[in-house]
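If you're matching them up, the sequences are chains A and B in order. Residue 168 in the working numbering sits at position 168 of the first sequence, with consecutive numbering throughout. Remember, the working numbering sits 300 above the position in the second sequence when you count from 1.
The hints are simulated quantities; they were obtained by calculation from the structure and are not laboratory data. Any given hint could be a false lead.
Some but not every residue of chain B turned toward chain A, in silico, with C-beta under 8 Å [stated by the list, open to error]:
hint, residue
1, A350
2, L352
3, K373
4, I377
5, A378
6, M379
7, F381
8, S383
9, A385
10, P388
11, S389
12, S399
13, M402
14, F515
15, A639
Yeah, the Cβ is synthetic: ideal placement off N, Cα and C, and Gly gets one too.
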Amino acid sequence: MSVAALEPSSVADDKVDWGARFSRIAVYGVLIFAALVFLVPLMSMVFTSLKDMDEIRAGNLLAPPADLTFAPWLKAWSEACISVQCDGLAPYFINSLLIVVPAVLISVGIGALNGYVLTMWRFPGADWVFGALLFGCFIPFQIVLIPMARMLGIMGIAGSIPGVVFVHVVYGIGFTTLFFRNYYASVPKELVKAASVDGAGFWGTWWHILMPISWPIVTVAVIWQFTGVWNDFLFGVSFSAGSGQPVTVALNNLVNTSTGVKEYNVDMAGAMISAFPTLFVYIVAGRFFLRGLMSGAVKG
Amino acid sequence: MTTLAVQDIKKNFGPTEVLKDIDMEIGTGDFLVLVGPSGCGKSTLLNIIAGLENQTSGKVVIAGRDVSNLQPKERDIAMVFQSYALYPSMTVERNIGFSLEMAGVDKAKRMERIGEVAELLKITDLLKRRPSQLSGGQRQRVAMGRALVREPQIFLFDEPLSNLDAKLRVDMRVEIKKLHQRLGATIVYVTHDQIEAMTMATKIAVMKGGIIQQFGAPKDIYDRPSNTFVATFMGSPAMNLLIGTMKKDAAGWVIDHGTETVAVPRHVDVSGLREGQDVMLGIRPEAVHLASEVAHDDRIDQGWEFNRTVDVTEPTGPATLALFEVDGTEFHASLSGDAQVEAGQSYRFKADLSKALLFDTLSEQRIAHVDEVGATHETQAA
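With these hints in hand, go ahead and build the complete structure from the sequences.
This is the structure:
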């Protein structure tokens, strides 16, 4: 560092800059307030889920549990009654996994291939195909419900987990294609030419050259698709039936079951169980997610 | 033996003709440089030879085999790209061996070949690194290693030195030339840099507008350019072109450029000239000297002396460039490094015309030399 650059800070040491200090305090104040706004409801959920019903009726929404109990979590997981069955959320949680894993893998895989073809193996009309896929991203879900139900009927997968997977894949391809196309657009075309001279074909080039440098965008696409599919309610409630429903639909049924007492602690525990996988994915992959979002700007 | 023949290659992008009837042949061990300004079609031609682009019509024959419709990998070629195009996720070792891997060569054999090539290029200690950990020059070597490992019929280079700094470029230029001499490889090399072309090539094809303007040995291209484009493109600073008209006076043909007349150099065949014809006299900057420095040099038997005021001087070390005007056109003189010239001063210059060239202004073609025209003409001239 040069001497000139050091001077301003040594001046600041002598004299406190109240303006700067005030704005710093203001910034932190706003940030802490915003954090509280987001955290208080979550805190209230956690506390409520760890209390028994007597304490909930007697106490304060924000008070920590006096008598810690994990019973509501166990009940939400494996005993709560959803419509007529009393197996808790567990089977529906499994359903969600059975939907989300293939839906994410297939849509990300196809998106990567689409992006590869649209950038490296351009064909006449490629821009139109991309435009159509992009347009698909903006079609509101509600519009396609009835035609999609008819389609699934014709295909013989209505009301089943494969049906829901199919819908999510179709809706996801637009986004995943967009991600991969834009990512691959920053990859020099000469790489593909070099691979072609070296004897790698269409698949070899994709697998050996492009996929190994695609992990940042794969992470982005996986997180995007995972949260979208896991949190989906509309397609789940429309295209699945009975014991094949995803956890979001089951949670809704659990909360809305109107027999007997309203068990707030079980509802809260159920909501958190349903939200946990997306939280997990963010924590595990969040670092890569940010890196992936920014990687378009910096050539690898 | 002919290693590469390009026959009547045409390439259109929609209505735009990028290449028009390209025809040429090179033999085994030739180092062909395709040179020209950007947009002249040289890279397109290279891509067509490589099979990365399809020609609209015409044939590419490599080692006697028509490869016009074959995939790049089936053509027995290897290519070095401008950006090197090293695979970022792979180590240097795997980068070099990738083509062998794709061809299904077993690992032991592969490692042996990689080792040999690394040895040759002195990159053995870099084999475990990734491209991002290499300097520009090292990447360049790895890119060459990737081509060498395949032992192809032809090496194709697409402006491989243009991403390097000036010093490294000169070093790598020598290195590629050494490699060519050692391996006796056949090379097609694309560049826009005429110095690279002159220094490395055994054959040069100067291109412009999708046409090969001239094809020949570097010395021929430099000394006997076929038209004004080739004459001014090859050589730096560019050849000076003096505009004038033909006139016949008592002593014979002269070029009248307004203020003075210059005698037509003796080696030019004057049989086709007519009075009043618009011509350009081409004189290379290095053929222009200070008259005082060459006063006693009797090697200059056909000289043209003139006085001019120097506008700008550019001392480069080994030479001092002087820029002045001759009848409205800029004129460069490449004087000796010790020449004492100052801007604003007038000097007497002497241009050596023994290598001067005469061009027809209208067609831009060079007017033939006496030794180039038929035997009948020669007898007449004698």
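Results of checking the hints against the structure:
no.	hint	result
1	A350	holds, 6 Å
2	L352	holds, 5 Å
3	K373	holds, 4 Å
4	I377	holds, 7 Å
5	A378	holds, 7 Å
6	M379	holds, 5 Å
7	F381	holds, 4 Å
8	S383	holds, 5 Å
9	A385	holds, 4 Å
10	P388	holds, 5 Å
11	S389	holds, 3 Å
12	S399	holds, 4 Å
13	M402	holds, 4 Å
14	F515	violated, 25 Å
15	A639	violated, 43 Å
Violated hints, in rising order: 14, 15; the structure is consistent with all others.
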